[in-house]
Amino acid sequence: MNEQKREYVVRTKDLVKEFTMGGQTLQALKGIQLDVYRGEYISIMGPSGSGKSTLFNMVGGLDKPTRGTVFINDVDMAQLDAQELAYLRCRTIGYIFQSFNLIPVMTALENVTLPMVFAGVPQDEGIERGMELLKTVGLGDRYNHKPTELSGGQQQRVACARALANNPSIILADEPTGNLDLKTGKEIIDLLKRLNVENNVTIISATHDLKMLDISDRIVWIRDGYIERIEEREDVQLQVGVMEGEEK
Amino acid sequence: MVTAGGIFLGIAFLATVLTQYLMQWPVAPKVDPGFVQLDGQINGPGPQEAYRPIPVEAGLAAGIPEAVIKKSLLSTDKSKFSLTSILTGQFQEKRAIKNLARVNKEWEGLKRFEKDLPLYLDILAGKDIAIEDAVKAGVPEKLAKKAALLSASCEGAAVLDYLKTHPGKIDPIYIATALDKDITPAQAAAAGIPADLAAKAVEASAPAPPPPAEASATPAPAEQATSGAAAPQGPPPPAPGTFRGTVLDTVLKENPDAWSDSKVVKKLRRELPVYADLAAGKDIKAEDAIKAGIPKTVVRKLEKEYPKFNGANMVDLLREDSSGLKPIYAAAALDQDITVADAERAGVPRSIARMLAGSGKAFKATALNDAIKIHPTWIKIWKSRVKRYAVFNEAKQSAIDKLAKEYAITLDEALALGKHPDKRTADMGGIKIVNTNGRKIQANFIKDKSAGSIKLASGDYILIPDRNSWYRMVWLVVMSLLVCTVGIMNSMLMAVTERFKEIGTMKCLGALDSFVVVLFLLESGMLGICASVLGWVLGFVTMVLIAGFSKGWDVVATMSIWGVLGTLGFCVVIGMLLTLLATILPARQAAKMPAAMALRSEI
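Chains A and B are the protein sequences, given in the same order.
Position in the first sequence counted from 1, then plus 14, gives you the numbering used here.
With the numbering used here, letter number 308 in the second sequence gets 297, and the count goes up by one each step, no holes.
Among the hints, a few may not be true.
[Said to hold, decoys possible] Partial pick of chain A residues on the chain B-facing surface, computed with a CB cut under 10 Å: (1) Ser67; (2) Gly75; (3) Asn180.
[What the hints assert, rightly or not] Covered by chain A, according to a simulated footprint, are these stretches of chain B (three or more residues, beta-carbon under 8 Å): (4) 481 to 494; (5) 577 to 586.
It is worth saying that the hints were derived from the structure and are not from the lab.
Quick reminder that beta carbons are idealized off the backbone N, C-alpha and C, glycines included.
Given only the sequences and the hints, what does the whole structure look like? Please build it.
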């Protein structure tokens, strides 16, 4: 796979992000050069305050850089206006959050079909696809349940299904296993890997979970606004143990 | 929920107010159906219409005396009479009595001026007035005599007699002038008359050429003639070289500027004319005589027979000092303004004084005099009016009431008389009667006055809403709604802040800013409608219960279904509008939230 000529789905060039707080300018990113291949599973790692979240936001179309450029699918982010940005977020990127972020008053199916509503997909088609996605994540029978009636893992699975609603090129996952126990977390990790492999969806995740690093293709280390190093998974020494009761 | 609660209560309050208005909340006690007596006057087509014309027999049967009925007959139909005429007549009688009392009282104050004021006006007019009359009218005797002195004149002959008999007391030149004797230049020089003046006088005295006149005048009879009364042929010409004092006077008059340095000449100018007048046989004024040097006592003696003074002289004296007179009389004589306050102090009735002053602050004595002259006529007028209307008092109140009850116009008749083209309202001097819902009436007091007698059919009500508290109510409601709006805005802002993750997520999923705004507005709109409806129900039910238990359920029944629905609609619209208005700001706040908020784990 590595020998094939690969497309870039996200490219950054001299990415700089500055924040002004109380008259002082803080440089969160001091010139980032990062290219993400299509179908890759890449994890961004770094201590707090390193600019990890900022880079994540840049790459995920959640924020615009101060200087430098970010290309998502060869589209310069900085040139997009609010409407185009919304379009991008709707069709190109799917989001998975640490706290699931499902709409509490909507059922699982409605949550999954919500992005399709924004994309203008007709209702019947939407429902059909929604059901399919829920089946894919293993919640076909829970489509009518509200998030309060679902466990954490199930909610996150619904979130995953939602993230796939409009066939995005990228899935942005912000600590998806953060609020889950080990067992459920493993389920999510497996699900994500499956999606990555079977559907060729690029996954960019920010995480502390070693298990997630385990399945990544590349790992990006950030420190103080600079990329310290980018490593291939093979080059990283990880000892991932097995907990009691865990199924391998 | 807080938001909903706020709107709910505010709208409930609004509904309460509106429902009350709908029910014509009665302030006065509810009036029983049947007959309603309201007193006052009906402004309408005419007072006659307050009661229907009453047949004469019915009036007699009720106990109204025939004399009264006779005076109240209708002009168009002599078999009927008008009850309003009787009532009006009674009213007029009372009024006339009041006025008669008033004019009588005024006369008490005025009559003291009746006698004396005209005299002072005569003084003003410059007439001659006898001293004793003036003293009777209050002029101090001394003052009157002083004026008389000024005005009096002495008979020329008497003065001449005096001069002849007392030559030593007066300057010889003067005596010579008065007695028309020759004055020699030597005498003139002795008196200090400038020589050239004397010469001129001599020249002027030279008689005219005709010799016959000169020759015909023989000395003896001529001399006789000059010493007595004026001779029929005229005075004999002066001897050559001499002149007459009268001529000297004339010369002086012809040359008013000459010999201005001579003191003697000055004195002559002053005093010679008097003696010249004497020579001419005229009477001279007493003051002139005094000025000319004739002693006062003499003058006084000589004019004892003239007990009058001229008004003009009195006015001059008064101008210097009017303290001897009553202020009002002084003002009359001097043609000064009399202020209302001064007049009152002098005893003029206030009402008269004010009337005379009109829109200003003072009046002249002539006006007062006219008023005094006219006043007795007023007394006569009011006396006659009292007499005219007295007969109406013979009609007893019980009889009137009985007839009033029976012959008062009905509501329909009242409405038919009303000025409004649609005949649904009739303005009757303050009560507006609107015929709605069949026979149910609502009456709005426009002022405090009430109107005529109106007969209602059974089932009618007059309910009077209280306008003042309406405005207060409106103020209260507006205030509470404003507070609600602010509260709603606050709650919505809080809601937006709390839902930052949700909004962020939506944006991640592709929602546009406008979508978020619409979302919040829709939510609050829904909330507004629901809360408004519930609020209205609460307010409405509360008001109905209160009204029903305190005033009676039939009052509640006066509400129309359309009115009720109207208030519901109004409340809902207001509630929704306010909520939307209050949500605009928070919704925009929500829309501005960045998508990255979804990633944050805390606010």
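Do the hints match the structure? See the list:
1. Ser67: At 7 Å from the nearest chain B Cβ, Ser67 (chain A) passes the 10 Å test, so the hint holds.
2. Gly75: 8 Å, holds
3. Asn180: At about 8 Å, which falls below the 10 Å cut-off, the nearest Cβ of chain B leaves the hint on Asn180 (chain A) intact, so it holds.
4. 481 to 494: With 4 residues close enough to chain A, the hint holds.
5. 577 to 586: holds (count 3)
The earlier numbered hints are all upheld by this structure, with none contradicted.
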